[in-house]
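Make the full structure from the sequences, and use the hints.
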Amino acid sequence: MTEVARRTFLKTSLAAGFALAVRPVAASTIQTDSQGLLAGPVNIGEMPAYRAQPELATQALPTVMVIQEIFGVHEHIQDLCRRLAKQGYLAIAPELYYRQGDPRQFTDTQLLVKELVSKVPDEQVLADLDRTAVWAATHGGDPQRLAVTGFCWGGRITWLYAAHNPKIKASVAWYGRLTGQTSSSNPQHPIDIAAKIKSPVLGLYAGKDQGISLESVEQMRKVLRPQAQPFNIVVYDNASHGFNADYRPSYHPAAAQDGWKMMLDWFKRFGV
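In mature numbering (1 follows the signal peptide of the UniProt record, and there is no 0), the protein residues as written are -27 to -1, 1 to 245.
Note that these hints are calculated values from the structure, not bench results.
Be aware that one or more of the hints could be misleading.
What the hints assert, rightly or not - Once the Cα atoms are required to be at most 27 Å apart in a straight line, the calculated DSSO-like pairs of lysine-lysine come out as: (1) K140 to K241; (2) K195 to K241; (3) K241 to K59; (4) K171 to K241; (5) K171 to K142.
Just so it is clear, the structure is predicted and the values come from calculations on it, not from any experiment.
As structure tokens, this is what we get:
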């Protein structure tokens, strides 16, 4: 990525709208308003992010870091932040590919994965989430009530971050890959770090997922059982990968709504 292209991305990446690779946008798309919220783009150093929180908060807020899908922090992820803010959270979604490129401009998902996503190192991502947590704690968030949730690509990262940061109180991973080939960018997968997980994790998965096998889900359950941290893995039998993505045909309203309720209950259960 050239310096000019990078600076352009930093200025424009969090404009309203969906990633080109996911169009046309489905009629089921949920749109959450920002009434009563402080919501919009912020910068964490040079890293773009989207933040939403109650506008008139009088005390430090419980914080949820929202980890993007492969398509970046596009309108759907921003909407999820606003939904969390309506529940009383400071929700912050950092643009975790910003050094490598702009995922919003790819029209083909396979090309996006090959040319951009595969080049984003896990180590870089975890460090950027650390920076995000520090930013939130100095911008109205309560560092003692910190949670993380992520979707698809971000679901995998959620598991990794639960093993990385002991300050996380609770984590919720939505249909994140658990196993797979390793690479220089992805040296370990969630199943490899299960013994190191430092916070309670809820995993939400789909019975008809074409990319994440039920066998891998069961393998993860087995390696988690002996661990000290509480966990729960729920499989929605009739749902497919991306069942919470209301802007796509994969959206499964019943699974999405139940998963969202379970997530909020999980956060509350563990003090976030």
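> Among the hints numbered above, which are violated by the structure, and what are their numbers in rising order?
Replying inline: Of the numbered hints given earlier, the structure breaks none, since each of them holds.
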